[in-house]
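S.K.: So you can see what is in the structure, the chains are spelled out below.
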Amino acid sequence: MTRPLIELLVGRDTSPTARELVTRVRRWCMLRASDRALGPVAARLATSARAPGLPAAMHDRATPLAVVVARDETVSNELRDRAELLITDDPARVDDFGPRTLLAPAYTVDAERHLAIAPFLRERWRHRLRFPSPFTVVLGFPSPTPLRPETEATALALASAAAVRGNATLVALALGTPVVTDAATAALLGATDGHDVLVASASNAAEVAGGLAADMVEAARLGCEARALVEREHDVGPVARTMLTRLGVALVAPDVPLGSLQLRLDELHTPFDASPVRRAVAACEALTSAAVA
Amino acid sequence: MDIAVCGAQVVFTRGGAELLMEQLVERLAAAGHRAELIRLPGAWDRERVFDAALAWRFVPVDADLVIATNFPSYFVRHPRKIVWLPHQHRIAYDAADTPWSDFGLDDQSLDAQRLLADWDTRALSEAERIFTISGVVSERLARYNGVASQPLYHPPPLYDELHPGPFGNYVFCATRLERNKRPELLVESLAHVQAPVRAVVAGRGSRRDNLIRRARELGVGDRVELPGFVDDDELVERFANALAVVYTPHEEDYGYVTLQAFRAGKPVITTADSGGVLEWVEDGVTGLVTDGTPAGIAKAIDRLATDHELVERLGAAARERVSTLSWAPVVARLTGA
Amino acid sequence: MTSHPDLQRRLVNELRADLGAEPQQGPAGETANDVAPHITDEPKTRRAKRAARRVAGPAWHRFIGRIADATATRLRTNQSTERDRLAVEDELMHVEVELVHGELNAFRAAVDALPSIDEVQSLTVNLELMKGELGAFHQTLEDLGRAISPGAGIDGVPRQFAELRTQINALDRRLRTKPGAIADDFPAGSAPDVVSTDGPGFDYVGFEHRFRGDPDEILARTEERYLELLTANQPVLDIGCGRGELLAGLAARGVRGEGVDLDAEMIAEARARGVEAHLGDALEFLRATTEGSYGSICAIQVVEHLHIRQVVELLDLAATRLRPGGVLIAETPNPTSMIVLSRSYILDPTHVWPLHPSLLTFLCERAGFLEVEERFFGPAEELYLPMVDAGDESPPWVATVNQAFTQLNQILFGPQDYAIVASTPDE
Numbered sequence: 001m002t003r004p005l006i007e008l009l010v011g012r013d014t015s016p017t018a019r020e021l022v023t024r025v026r027r028w029c030m031l032r033a034s035d036r037a038l039g040p041v042a043a044r045l046a047t048s049a050r051a052p053g054l055p056a057a058m059h060d061r062a063t064p065l066a067v068v069v070a071r072d073e074t075v076s077n078e079l080r081d082r083a084e085l086l087i088t089d090d091p092a093r094v095d096d097f098g099p100r101t102l103l104a105p106a107y108t109v110d111a112e113r114h115l116a117i118a119p120f121l122r123e124r125w126r127h128r129l130r131f132p133s134p135f136t137v138v139l140g141f142p143s144p145t146p147l148r149p150e151t152e153a154t155a156l157a158l159a160s161a162a163a164v165r166g167n168a169t170l171v172a173l174a175l176g177t178p179v180v181t182d183a184a185t186a187a188l189l190g191a192t193d194g195h196d197v198l199v200a201s202a203s204n205a206a207e208v209a210g211g212l213a214a215d216m217v218e219a220a221r222l223g224c225e226a227r228a229l230v231e232r233e234h235d236v237g238p239v240a241r242t243m244l245t246r247l248g249v250a251l252v253a254p255d256v257p258l259g260s261l262q263l264r265l266d267e268l269h270t271p272f273d274a275s276p277v278r279r280a281v282a283a284c285e286a287l288t289s290a291a292v293a
Numbered sequence: 001m002d003i004a005v006c007g008a009q010v011v012f013t014r015g016g017a018e019l020l021m022e023q024l025v026e027r028l029a030a031a032g033h034r035a036e037l038i039r040l041p042g043a044w045d046r047e048r049v050f051d052a053a054l055a056w057r058f059v060p061v062d063a064d065l066v067i068a069t070n071f072p073s074y075f076v077r078h079p080r081k082i083v084w085l086p087h088q089h090r091i092a093y094d095a096a097d098t099p100w101s102d103f104g105l106d107d108q109s110l111d112a113q114r115l116l117a118d119w120d121t122r123a124l125s126e127a128e129r130i131f132t133i134s135g136v137v138s139e140r141l142a143r144y145n146g147v148a149s150q151p152l153y154h155p156p157p158l159y160d161e162l163h164p165g166p167f168g169n170y171v172f173c174a175t176r177l178e179r180n181k182r183p184e185l186l187v188e189s190l191a192h193v194q195a196p197v198r199a200v201v202a203g204r205g206s207r208r209d210n211l212i213r214r215a216r217e218l219g220v221g222d223r224v225e226l227p228g229f230v231d232d233d234e235l236v237e238r239f240a241n242a243l244a245v246v247y248t249p250h251e252e253d254y255g256y257v258t259l260q261a262f263r264a265g266k267p268v269i270t271t272a273d274s275g276g277v278l279e280w281v282e283d284g285v286t287g288l289v290t291d292g293t294p295a296g297i298a299k300a301i302d303r304l305a306t307d308h309e310l311v312e313r314l315g316a317a318a319r320e321r322v323s324t325l326s327w328a329p330v331v332a333r334l335t336g337a
Numbered sequence: 001m002t003s004h005p006d007l008q009r010r011l012v013n014e015l016r017a018d019l020g021a022e023p024q025q026g027p028a029g030e031t032a033n034d035v036a037p038h039i040t041d042e043p044k045t046r047r048a049k050r051a052a053r054r055v056a057g058p059a060w061h062r063f064i065g066r067i068a069d070a071t072a073t074r075l076r077t078n079q080s081t082e083r084d085r086l087a088v089e090d091e092l093m094h095v096e097v098e099l100v101h102g103e104l105n106a107f108r109a110a111v112d113a114l115p116s117i118d119e120v121q122s123l124t125v126n127l128e129l130m131k132g133e134l135g136a137f138h139q140t141l142e143d144l145g146r147a148i149s150p151g152a153g154i155d156g157v158p159r160q161f162a163e164l165r166t167q168i169n170a171l172d173r174r175l176r177t178k179p180g181a182i183a184d185d186f187p188a189g190s191a192p193d194v195v196s197t198d199g200p201g202f203d204y205v206g207f208e209h210r211f212r213g214d215p216d217e218i219l220a221r222t223e224e225r226y227l228e229l230l231t232a233n234q235p236v237l238d239i240g241c242g243r244g245e246l247l248a249g250l251a252a253r254g255v256r257g258e259g260v261d262l263d264a265e266m267i268a269e270a271r272a273r274g275v276e277a278h279l280g281d282a283l284e285f286l287r288a289t290t291e292g293s294y295g296s297i298c299a300i301q302v303v304e305h306l307h308i309r310q311v312v313e314l315l316d317l318a319a320t321r322l323r324p325g326g327v328l329i330a331e332t333p334n335p336t337s338m339i340v341l342s343r344s345y346i347l348d349p350t351h352v353w354p355l356h357p358s359l360l361t362f363l364c365e366r367a368g369f370l371e372v373e374e375r376f377f378g379p380a381e382e383l384y385l386p387m388v389d390a391g392d393e394s395p396p397w398v399a400t401v402n403q404a405f406t407q408l409n410q411i412l413f414g415p416q417d418y419a420i421v422a423s424t425p426d427e
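Residue numbers (my numbering), protein chains in the order written: chain A, 1 to 293; chain B, 1 to 337; chain C, 1 to 427.
Hint data in this document are derived by calculation from the structure and do not stem from the laboratory. A hint or two may mislead.
To be verified - Across the chosen pairs, the derived CB separations fall in these ranges: (1) Ser358/C / Arg3/A: 58 to 66 Å; (2) Asp13/A / Asn105/C: 43 to 51 Å; (3) Ala187/A / Gly102/C: 37 to 45 Å; (4) Pro60/B / Gln121/C: 46 to 54 Å; (5) Gln121/C / Val217/A: 31 to 39 Å; (6) Glu267/A / Asn210/B: 40 to 48 Å; (7) Arg213/B / Gln79/C: 39 to 47 Å; (8) Ala147/C / Ser76/A: 17 to 25 Å; (9) Ala43/B / Arg232/A: 30 to 38 Å; (10) Ser76/A / Ser358/C: 43 to 51 Å; (11) Pro142/A / Ala17/C: 20 to 28 Å; (12) Gly166/A / Glu320/B: 35 to 43 Å; (13) Ala187/A / Ser206/B: 55 to 63 Å.
We put the beta carbon where it would ideally sit given N, CA and C, even for glycine.
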């Protein structure tokens with residue numbers, strides 16, 4: 001089965017939301033930017049309302065079109081009528097755009113890449129990989145051992161607890177890391193002190209994280225809530241899936257057996273390409289080929 | 001209300017979980033509900049552990065309320081799902097890397113444990129309410145999955161039949177003869193016991209031959225009785241006439257034996273690592289908690305055998321301790337009444 | 001290998017290195033288990049003997065024992081050759097295994113160095129997005145190009161701009177040649193009255209002798225700065241040529257040129273050196289010259305002696321009297337250096353007004369020069385504030401102080417002269 005082909009219409013600047021959306025769509029579809037002659041495509045995705053290819057694409061009414069609208073962009077009435085979907089990360093514009101709007105998170109992390117690891121398993125991994133335990137990670141706050149961006153996620157995946165603010169915070173939350181952060185970051189990400197994160201000042205964040213590392217039950221609870229928060233508020237995966245479905249290019253239609261299996265596996269948030277998915281797909285392929293024979 | 005009780009089945013095996021499900025269905029019916037037990041077979045080896053979980057996702061259950069019990073029956077989908085968890089899939093949690101688990105600490109095992117923990121958390125979080133059968137199970141759920149739950153204690157089987165009796169000259173234990181129940185400890189401790197006390201270990205299991213051999217090696221073969229499976233009536237009498245009950249499992253979830261012993265007015269001798277047993281056995285109040293060595297257990301047996309006043313005091317307190325257990329509040333809370 | 005993207009062994013090892021821990025050989029437990037248990041190394045002959053003895057019961061002991069010993073002896077001979085052969089093969093196989101191990105490790109290292117599927121995917125996405133972004137930029141540029149140069153698009157823009165500029169400068173010049181127009185550009189009264197160097201009361205020659213420094217040195221410096229330019233653009237007109245030292249030096253190198261100066265005595269000296277020198281006002285001289293006469297015109301330390309109107313006229317005249325592609329060099333004290341303002345500049349009472357490099361550049365552009373370059377010379381390095389040197393392990397404030405000193409040095413003791421090098425458009 002070949003993947004559906006989606007044409008990208010790209011403007012001069014790609015917003016982070018659009019970038020994340022495109023990355024996720026890439027997992028189900030092939031993507032091509034509009035610089036080459038393409039045959040028929042399953043759909044078009046414009047990453048900006050100012051994308052130069054957009055006017056031409058609007059004339060091709062046979063191909064569904066989704067447009068990611070950046071915060072500073074205006075949308076012409078023509079585009080509003082023509083596009084199947086308008087995607088925005090600004091809740092204020094949902095009403096303005098009407099029922100064809102899809103709301104995307106403003107601050108996103110790839111929840112299918114940074115899979116949650118429960119604190120007790122972190123401990124087992126640390127033991128296996130011969131890491132110190134407990135292991136408290138400090139990122140974005142003053143730290144005696146600064147980390148390179150490449151190893152931040154790995155450190156967070158192994159951490160007993162983390163004092164973190166800035167870009168890495170969402171990664172930490174997605175990994176189910178027990179997180180201590182500052183009030184501004186918590187507010188920005190919609191996290192609640194004591195529920196999904198602990199809020200501390202810059203001066204004592206590392207200390208609070210150290211205390212959290214020693215409290216396995218509280219750490220497990222926070223990690224669980226943190227992951228739930230990310231899946232609920234900051235994951236583009238569901239948006240990408242909804243978008244493809246509404247454009248009619250979803251890989252699997254829900255009314256075939258494979259479709260419902262996919263749905264069940266989605267429900268369990270099976271990581272993309274994890275072994276159960278492969279097994280399930282293989283099993284269903286066996287079924288379909290048997291039926292064909 | 002139409003209530004579907006869901007439980008996993010290990011074909012050709014019966015244990016505490018089966019008793020629990022059957023009892024629950026019975027009690028729900030007694031409370032005026034239509035209740036049925038739905039069971040799907042599961043496999044516990046690492047390679048197939050996810051299969052049954054996924055299968056439960058597809059089971060269409062038409063009922064007003066679903067009460068799911070053991071792993072992976074709580075993967076069932078229902079808008080009104082209640083979970084009453086007897087225990088987690090322990091060989092992937094606290095019992096990983098033990099001789100009876102095929103989940104080790106290698107990469108693949110840890111990957112599988114991660115996926116299982118993730119799925120468990122997800123499926124459990126869908127539930128309207130989560131209960132467990134004991135504080136130990138709740139504590140593990142909080143520690144491993146970060147999921148909050150409430151322990152909901154229920155009376156053990158034969159609760160109504162069990163009764164106190166005279167303190168006899170044997171210590172008793174009724175348990176499956178498996179490694180995690182550690183029946184050897186009692187046999188080995190007998191070699192250190194000074195008082196003229198015998199041991200009766202009822203129940204079947206794979207460790208039976210080993211126990212007989214061990215007793216012979218230690219020269220206590222004539223003081224150990226292994227009656228095998230005993231029927232309910234005999235069990236009640238064996239409890240009633242015992243001096244005390246020795247129950248030394250490793251990290252037990254709940255432990256009917258403890259509750260049955262208490263109901264029969266017998267103190268329980270246990271170890272400091274017996275898990276759920278310790279929710280009931282308070283050292284010097286309802287029983288004796290030992291260090292888990294044969295000598296330590298022997299010392300506790302000798303103490304009870306020689307101090308009649310002590311054994312009577314502990315026995316009375318033990319019976320009192322379980323006097324309030326009843327199915328009515330369990331049914332009420334599970335059905336949200 | 002784990003399937004969790006964040007726990008790839010490569011990343012874990014990098015993290016370990018970042019944390020300053022020792023790199024690990026392999027995951028815990030694995031190395032020990034990989035070693036095969038040692039097989040007991042009992043010689044085969046002894047085993048055969050023992051087996052033979054076991055078979056032989058007491059009754060048969062002597063008879064069978066003898067046969068067993070004979071068999072054992074034969075076996076020993078056979079086996080020792082066999083063993084030698086096996087030993088050689090074993091050795092060979094060891095070598096082969098080592099080789100394979102080496103290759104395997106190299107392969108493993110190569111695989112570890114490869115980007116993960118994850119990275120490849122994100123790179124693919126980035127590539128497609130960048131292609132799109134580039135396309136959009138290209139589109140924008142094309143649009144801009146078409147707005148400027150409707151016929152040729154973006155490729156026609158440079159030519160279009162050059163034409164427009166020439167037109168504007170021409171218009172500008174025509175406007176300014178109208179009487180009174182220039183006064184609007186430069187409000188009167190902003191500069192002091194011109195001090196004539198040929199008037200009575202001030203002995204400029206004497207002043208110059210005393211303060212301008214060694215004439216030979218000045219000449220050498222000037223030649224060093226401009227010789228190449230002047231050689232390339234002949235003939236040269238030296239405005240304010242004085243005693244004609246520069247022109248004489250140039251002539252010695254075969255560079256043609258002439259000069260003009262207000263001072264009759266100096267002109268006489270210049271002529272005595274064989275330099276073609278004209279007595280009179282530079283502006284008047286230029287007005288009388290035909291257009292396109294010179295390859296280069298230089299005015300070394302001249303413009304600061306002129307009133308702004310004269311500067312403008314000088315530049316206008318220079319732009320036309322130079323042939324296309326010719327060069328104007330105007331050197332003057334650099335007023336953006338404080339040491340210049342506080343010392344050398346105000347020392348000379350014949351200076352009219354300090355000329356900021358940007359002003360002079362602006363005026364040159366307005367006069368119609370195409371390329372205008374500012375060249376700076378001679379910072380007062382001998383006056384520089386010294387840097388603090390606290391050795392290798394200096395405290396952080398040292399860097400701050402040194403940075404501040406560097407800035408101060410720039411402002412206080414920066415280049416003392418600058419020259420505008422402006423060229424007229426090619427034909």
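S.K.: Decide, hint by hint, whether the structure agrees.
M.R.: Here is how each hint holds up against the structure:
1. Ser358/C / Arg3/A: 58 to 66 Å: holds (60 Å)
2. Asp13/A / Asn105/C: 43 to 51 Å: Distance hint for Asp13/A, Asn105/C holds at roughly 45 Å.
3. Ala187/A / Gly102/C: 37 to 45 Å: Between Ala187/A and Gly102/C, where Cβ atoms are some 56 Å apart, the hint is violated.
4. Pro60/B / Gln121/C: 46 to 54 Å: violated (37 Å)
5. Gln121/C / Val217/A: 31 to 39 Å: Check passed, 37 Å falls within 31 to 39 Å.
6. Glu267/A / Asn210/B: 40 to 48 Å: The hint (40 to 48 Å, Cβ to Cβ) holds, given that Glu267/A and Asn210/B are roughly 45 Å apart.
7. Arg213/B / Gln79/C: 39 to 47 Å: holds (44 Å)
8. Ala147/C / Ser76/A: 17 to 25 Å: Since the Cβ atoms of Ala147/C and Ser76/A sit about 22 Å apart, the hinted range of 17 to 25 Å holds.
9. Ala43/B / Arg232/A: 30 to 38 Å: holds (33 Å)
10. Ser76/A / Ser358/C: 43 to 51 Å: Holds, at about 45 Å.
11. Pro142/A / Ala17/C: 20 to 28 Å: holds (22 Å)
12. Gly166/A / Glu320/B: 35 to 43 Å: Given about 59 Å between the Cβ atoms, the range is violated.
13. Ala187/A / Ser206/B: 55 to 63 Å: With Cβ atoms ~58 Å apart, the hint holds.
Hint compliance for this structure: hints 3, 4 and 12 are not met, and every other hint is.
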